[in-house]
Amino acid sequence: MSLADLTLADAIAVGRDGGAAALLEACLERLQMVQPKLNAAIWVDAQAARDVAARMPRNGALPGIPLAHKDMYYQAGKPCTCGSAIRRDFVPTITATVIERLESAGSFTFAGLNMAEFAQNPTGHNAAFGDCKNPWNTDYITGGSSSGSGAAVAAGATFASLGSDTGGSIRLPAAACGVTGLKPTQTRVSRRGVMPLSFSADNAGPLARNARDCAIMLQVIAGHDPADPTSAAEPVPDYMAALTGDVRGLRIGIPTGALMTAADPQVQAAIEAACAVLAARGAVISRIDLPLMEAINTYVGIVSRVEGATIHARWMRGRAQDYAPHLAARLYAGAAIPGTYYVEALSRRGAILRAFAAEVFGQVDLIATPTIPTLLPTRAATDVDRFAQGEGDGGVVARFNAVSVNTRPFNYLGLPAISLNCGFDSNGLPIGLQLAARPFDEAILLCAADAYQRDTDFHSRMPPIA
Amino acid sequence: MADFVADTEAAIALWHGITPPNPAAHRFTEDLRLVIGAFEALRESLGFEEEPSAFEAALREAKR
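Residue numbers (my numbering), protein chains in the order written: chain Z, 1 to 466; chain P, 467 to 530.
Quick caveat, the hints were computed from the structure, so don't treat them as lab data.
Glycine is no exception: its CB is placed at the ideal position from the N, C-alpha and C atoms.
Hints may contain errors.
Unchecked claim - Derived coverage of chain Z by chain P (criterion: at least 3 residues anywhere in the stretch with Cβ under 8 Å from a Cβ of chain P; other residues may be distant):
1. 182-189
2. 312-318
3. 328-338
4. 434-442
Stated by the list, open to error - Partner residues are not named here, just some residues of chain Z that face chain P (Cβ under 7 Å, in silico):
5. G282
6. P291
7. A295
8. A357
9. A388
10. G414
Stated by the list, open to error - Some chain P residues flagged as far from chain Z (calculated, every beta-carbon gap over 10 Å):
11. D469
12. A472
13. E510
One chain only, chain Z, in its complex shape (with noise of 0.2 Å):
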């Protein structure tokens, strides 16, 4: 066994004694044997990333700990692609406010990881990078925006990593890769220093084996950031006091409605395994309507068109063709939408909000949904560039389309979401659990999924190639 194969948990008690060089070399031999293959990183500093494990302190509440993180995470001096030909040369001045918590943790950074370009797609084709592939089968997608964190995790190529959420893109490859992914409430973590792509929805959460490891992470990134206002002054819990395991009476409820009936019967099937599990240590589960789900679906696409159009507008003036075909359709398109409209969107987000949770939280504590609805897609038939350049079917729009749909309405609602590993499809690719909860409930995701993980073991497998 590499010491790659270590959860963080682990790992840090290997870093308190010292072992950051150690644990580093592993990670990066790990990632040099999956790279040709999975495509999962971007940038690799592996020089560096010796020369500050040489001198790590032991303490902290990641000790010596190297990670990987999304190339979208600004670290002064070094180069961040955002997963784009635009930024390929981008150098930031500034560091993110989460990398540099991970930092005084005790953390360091050895590389970028693969995303979608810009952060704009769900499945995690990048025209400018290579797709990163999915570790459990190299012909399926690995879900995006954050596919490098996603199959680097289930790789052992990293003890865990941040990636970033507007639609689905913590959880989406969180379930492709069968690993963890924890999708905090919004305004939960800065967002200073991480690119953006749509500000209202934007958020940065971790991607890591289990639930107790993404528990380590948001403890140390989680909390009100005077650089950035948009971060809400809440208190932080102590998230992995909430991992006791005890769920008896905690009230999950399965949508009636298109986020589960909708689902691929083999999905469905272990959606229900999973809450069976958890009904087994005392949950109550029960089946629940979700309401407002059209004008949820309707403005959130809204919303993050918009803000996508407006924040891409000056190289879409200037260097639409270096975008990939279809982003650059995309984002043309989100310019035509009116200001009203927009306004009209985000107006309604509080009203809305109030209106779900009064009515959903009312009678349960978490929403259990397939984190994805569908039997994993092929790369090849989520393929829209193809078919923007004028092949393939239409087909490809809708599986690409289907893919986030489950995802989505939850940035709008701000709801903080987990997805971990619930099973494996008839095509040996993993099943994502997403459960939602309140705002600023976190520690009760990380309880059930911990919970969860506890009486199962999909969340310890790992892909033949690692």
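Position chain P relative to chain Z; hints supplied.
Positioned in the frame of chain Z, the structure of chain P alone reads:
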């Protein structure tokens, strides 16, 4: 339909100085009709159209 696409693309060019980057952009522009339809269909269906935004306040209020 052709008028809708042409008019919308003219507006994008006028307001943003951006031209269609590829043929797929025309299809996405055409698809904006669906966005309009979905948005307008909500107009009379929601009971809180006059509420102020206060999303951050709603997050705090919806806590356990």
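Evaluation of the provided hints:
1. Check on the region 182-189 of chain Z: 3 of its residues sit with their Cβ under 8 Å from a Cβ of chain P, so the three-residue criterion for coverage holds.
2. Coverage of the region 312-318 of chain Z by chain P holds. Counting CB-CB distances below 8 Å, 3 residues qualify, and the rule asks for three or more.
3. Coverage of a stretch by a chain is defined here by at least three residues with a beta carbon nearer than 8 Å to that chain's beta carbons; for the region 328-338 of chain Z and chain P the count is 8, and the condition holds.
4. Restraint check on the region 434-442 of chain Z versus chain P: 4 residues with Cβ-Cβ distances below 8 Å, three needed, restraint holds.
5. Checking G282 (chain Z) against chain P: minimum C-beta separation of about 18 Å lies over 7 Å; hint violated.
6. With 7 Å as the threshold, the beta carbon of P291 (chain Z) stays out of range of chain P, its nearest partner Cβ sitting at about 11 Å, so the hint is violated.
7. Given the 7 Å rule on beta carbons, the hint for A295 (chain Z) holds: about 5 Å separates it from the nearest Cβ of chain P.
8. A distance limit of 7 Å between C-beta atoms decides the matter here; for A357 (chain Z) the minimum to chain P is near 4 Å, and the interface restraint holds.
9. Using the Cβ-Cβ criterion of 7 Å, the hint placing A388 (chain Z) at the interface with chain P is satisfied: the shortest such distance is roughly 4 Å.
10. Using the Cβ-Cβ criterion of 7 Å, the hint placing G414 (chain Z) at the interface with chain P is satisfied: the shortest such distance is roughly 6 Å.
11. In this structure D469 (chain P) is separated from chain Z by more than 10 Å, as the shortest Cβ-Cβ distance comes to about 14 Å.
12. Against the 10 Å criterion, A472 (chain P) stays outside the reach of chain Z, whose nearest CB is about 12 Å from its own CB.
13. Distance check on E510 (chain P): its Cβ is at least 12 Å (rounded) from any Cβ of chain Z, clearing the 10 Å threshold; non-interface status holds.
Hints 5, 6 from the list above are not met by this structure, while the remaining hints are.
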